[in-house]
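Following the hints, put chain B in place on chain A, whose structure we already have.
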Amino acid sequence: MPEGTSNSVVLSRNIQEYVNKGGFRSLANETAASIRDKVRAAKLRGRGGSGKYTAEKWDTAMLAAVQRDGPTYLVCNAYDADPQALAAANLMVREPFAVLEGIALTARAVGAKEVYFYFKAANHSGYDSMLKAYNDAQSSGYLNTITINFAGADAGFMGGEESVMLEILRGRRAMAVQRPPYPAQIGLYEYPTVIDNIETLYTVTRIINPAATSDDKKSGGNTATYNYKLLTLYGLDGKPVIVEAAFGSTIAQIFEKSNMALNPNTVRAVVVGGPEGGVLGPQAWNTPYDYETLAAVNCIVGSGVIEVIPAQTCMVEWARKRMEYLSKETCGKCVPCRVGVKRAATVLATMTSNVAKDEDMATLTDLLTYIPRGSLCGFGWNASRAAQTAQTAFPEDFSQHMKGECPFHTCAPQRSHRYATKGVL
Amino acid sequence: MAITTDTLKNTNSADTIHERDEHGQPSFSFTIDGQTVKAHDGQTILSAAISHGIIDIPNLCNDEKLNPTSACRMCLVHVDGVDQPIPSCNTPAAPGISVQTKSEELTHIRRTNLEMILSDHNAYCQPPCQVGCPTHIDIPGYLELIAKGEDREATRLIKEVLPFPYMLGKVCPAPCQEKCRRALVDEEIAICRMHGYAAERSLDDPPTPWPQEAPTGKKIAVIGAGPAGLSAAYYLALKGHAVKVFDMMAQSGGMTRYGIPEYRLEKDILDKEIEGVWKLGVEVQYNVKLGKDFTVDDLFAAGFNAVFLGIGAWTSNPITFVDGSEASPEDTQGLINAISYLMDKTRGLPVPVDPDTEVMVLGGGFTTFDCTRTSLRLGAQTHTAYRRGRKEMSATPEEVEDGEAEGTELLLLTAPTKLVTKNDKLSGLELIRMALGEPDASGRRRPVPQKGTEFTVGCDTIIPAFGQSPDVSYFPDYVKGVKTSKWKTVLTDPWNFMTDREGVFSGGDCQMGAQTVIQCVAQGKLSARSIDAFLKGEDMKDVAKRIEASERKPDLFSIVPYKPVEPKVKMPMLPYDDRKRNFKLIELGYTADQAKRESARCLQCACPAAGQCDLQMYSIEYGLDNNRFHDGEPNDFHDYEIDISHTFILRDPNKCINCTQCVRVCHDVIGPNCYGMFGKGFDTIVSTPFNVSLSDTDCVSCGACVQVCPTGSLMMAERELVTWDFALDRCIFCGDCVEVCPHGALGETPNFELSFFNRVGPGISLHMDDLARSPDYLVPQRVPRKESEAPQVNPLIRPLPARRIRE
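Chains as they are written, first to last, in this note's numbering: chain A, 1 to 425; chain B, 426 to 1232.
One should not assume that every hint holds.
Claimed, not checked - Per the computed footprint, the stretches of chain B lying under chain A, defined by three or more beta-carbons under 8 angstroms from a beta-carbon of chain A, are: (1) 491 to 501; (2) 683 to 689; (3) 824 to 830; (4) 1043 to 1056.
Unchecked claim - Calculated pairs, DSS-like style, for lysine-lysine (alpha carbon to alpha carbon, straight line, at most 27 angstroms): (5) A:Lys-422 <-> B:Lys-995; (6) B:Lys-644 <-> B:Lys-717; (7) A:Lys-321 <-> B:Lys-1105; (8) A:Lys-357 <-> B:Lys-988; (9) A:Lys-328 <-> B:Lys-1105; (10) A:Lys-239 <-> A:Lys-422; (11) A:Lys-422 <-> A:Lys-403; (12) B:Lys-993 <-> A:Lys-422; (13) A:Lys-422 <-> B:Lys-988; (14) B:Lys-978 <-> A:Lys-422; (15) B:Lys-908 <-> B:Lys-717; (16) A:Lys-113 <-> A:Lys-43; (17) B:Lys-573 <-> B:Lys-697; (18) B:Lys-995 <-> B:Lys-573; (19) B:Lys-816 <-> A:Lys-422; (20) B:Lys-988 <-> A:Lys-328; (21) B:Lys-704 <-> B:Lys-644.
These aren't lab readings, by the way, just hints derived from the structure by calculation. Beta carbons are placed, not taken as given, at the ideal position from N, Cα and C, and that holds for glycine.
The shape of chain A in the complex, shown without the other chains (with noise of 0.2 angstroms):
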């Protein structure tokens, strides 16, 4: 796919095109250690959002599997919990014969017999595509050695927590579950299972068999992370592009690059990384869009959703509204989660509502430190950040609010009173 655009893409879905551009040639040459090395050596990080080592995954996976002397399972994770992020539904309607490459590159690295492509169950164009393209590979005579089960789920944004993806597999209710051991070493069926984004088993392709996917460039990219991440870009006017960024190129850049640039007066903030984003200002629109780069500011590259907030949004409001989003989809398992985001999500309303008072500053901070800290998963350690970095970045708006009026005026009081602290004698 080129950079920069959504709409001139080559299309591979007809198998036959797709053999003739080279595709599936990676099986019949490449072996597991072959596999494993390249992607070592291209230092792919996993697509997902929290960046590992995908070489190293697979290798935690296959030294439990030794230990386990069982099968080791491969799970796809095409789920798009965001549901602002269109990624992996794109792949698999664009490129799908690409990905059942990556799939059966992964599971012969790994030494994966069963594989499941977890996916969202309302995306009927994805699963049609990429049934149909694994009905053509096998009676083609590819993907002999693998089974792949497709399985639709609805669960929400915690369905993309990969211990509660494994639960909903084994028919279980969508709740996380404590890691360590990670679903590498105990997973599914309590047998080690690597699970890997769609775009990360995408780009395992692109790096063993290069002719295959579309137009690659090698250019440009920061070669720690192996050049390209899908995103998805919301623009002032809330209509999302698909975009192909290249690491390291700044988050200014990448706007530009798709005729959206970012005015700061048009545009408030940017939102990277989707629902447990952060949320940058203008000051910070130069930072390159890299795992590293990306921590330093408090965000993360998580679900690849970059949103665009127009001027005179009310930052505090914002994140209350987030917040309020992240305790309805919590899975409710564990106490900081179930009713910290939700206490969190109430101190913020009284901001809001302009009924709040300084200990109500102190009271969010607290919040919003304990919530990470004893969460149980993923969920919890990155729900406080839209809060967290809406004060360190706006901290104009929520003195503003405690002072009792909102910076623009379009806040809704959503309390009349605020929490007060009592003790029982």
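Quick look at chain B alone, frame taken from chain A:
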């Protein structure tokens, strides 16, 4: 935020040199808080810690027989090399790791977890009112009964600890109401007036708390027919002892009759209530005074086995001027003794106050305002002066407000400096302004005189009401062997109330110094318990210990109550205009409807699981004395319906903390799978499949869920004990029933042996009595993890009865 896996990797047995534990099993060592601990493969950090006696890692969702879930986040520990705190219940121990179970951060996380749980714990623990009441009446219990219209049963319940609910309902300062949890929602409940109401409705046929016991043949002399003496007499008579009361006055009631004006307490109704004591066969002799007419030795000589001194505090303290000098009513013209003044008024004798006098009352207590308001009713112009501020007054705010509204001039922060006389007649009192300084030993701020601020208030009568002291001047001659203190009070053991002389007990104002009526009743009640034990020949040290333990204050912690606001039903009062020049009762009393409405406001903030609740234990341990999330709005909390449809198991989701122990035990251990999680996000809750009633599930009533529940969310229902017969001719004494019964409802008596031994004679018993009598029968208990040294939670003073089935 990532956890590095290296330190936690399941170590392959090949690369570790295993040690062997005492059973010869392969094991390895690691450290917890610097202490070396051995664990075997697959053992979690928590389980290894517990087996080494480290029991201070809190946990609410872990149980040995269940798979860990790590939902409560209480057992978080630090492991060296891991950034995030990790749950010890779920993390396998590994060789060489170093674990820290205590740190400031962990305490903070654990405490905040509890705060979070309690902020959505729409239920209660122990009722603070019951703790606050000196007699510990079962307040939620009687309020529930009044709300149901069962006034007589409510009175009976109250009389278990308080023989005079009508009297106290009028005059008690209601320390219970200060602690009422309803005040966290809106306004406290009129707890005190409620028992007055209930008692008034059954005055004609007063219930006794329990049937009077058979006569014991022991005789007890009670000196003083005041609240303390009569309470002691009442409970001693119920125990079957012969009691005789001696009083120096012509009628009973002591200070409540002679010290409390008619407009607060009607004496003819008081008589009716005290009648309940005489009905138990208690004898009484009036107009005899200890120290004048008889001695304690006389009583013992007359065959009494024990003596209770409840002589009260009848001497008014003199005025103390700022310079330290004193003036007492006996030798100063124009000064009146507060107690004699009130006493004369109630007896109908002439008093030196009339519409022409100008009265100055000094002090800030109940007696002060009784004198003030009596003077006002007599038509006198009245001033009331107090050294400290309004907040520091020991009289209730209502009393002060009423006094002001009825017309007294309140002079706060003023102290008397000297009497002003004209023509040898009292013409006024010079006062000085005071300012509050540092708090003194009693915690109240000490008033300091402001120089040069003296001023004079004209008055011809001064009533100093600075409290009273007992009169013990005759003790050396008439009450031999009993010591008194420098405050002129009788010295006794603080818990068994026995004086240095064996068989002589004392309680009430004469033992404490002048205090409230309810404290006197409490002491009378406890003294009766102690005297009863004394007459049975028990060791008085043990008695003291027992009473001390029963009076120990349980710890309380902050739960956020969520109840809709409901305004307090105010006591109908006599209008101020109608109070002039008469002594009509000012509290008109509740109607039945009002009383029911007011009683129904009670949050019933008592939980039958108190004392066995892990959440309570940890909340006390982590000092949850306040919560930041009070006063939430309706969508901040959950208000679930209680499921009482099941015959044996009560389910209250409001107390559920989502630990999922019941879910796991029902699915993994028992099998029927009756529980699961329900809802999403903040609304997640443990419930039954499709949220049906528990009785519609596959429940086998085994009670395992109740056993594992760390709170009172799942409880066994109370039921009548039933004895079942079984076919003895068909029983083969296999003992299987005994083995499998999870509740120990069946047991082995000494005659019964398991089937793999030889059996001699029949012996399975279904009779609870047989089991109880059997010396080596033990009800199977939840397996203790270790000799527990966890903080002890004091049980509820009198646990509420569990809700009955299908009530």
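Quiz item: Among all the numbered hints in the text so far, which are the ones the structure does not match?
Solution: 2, 3, 10
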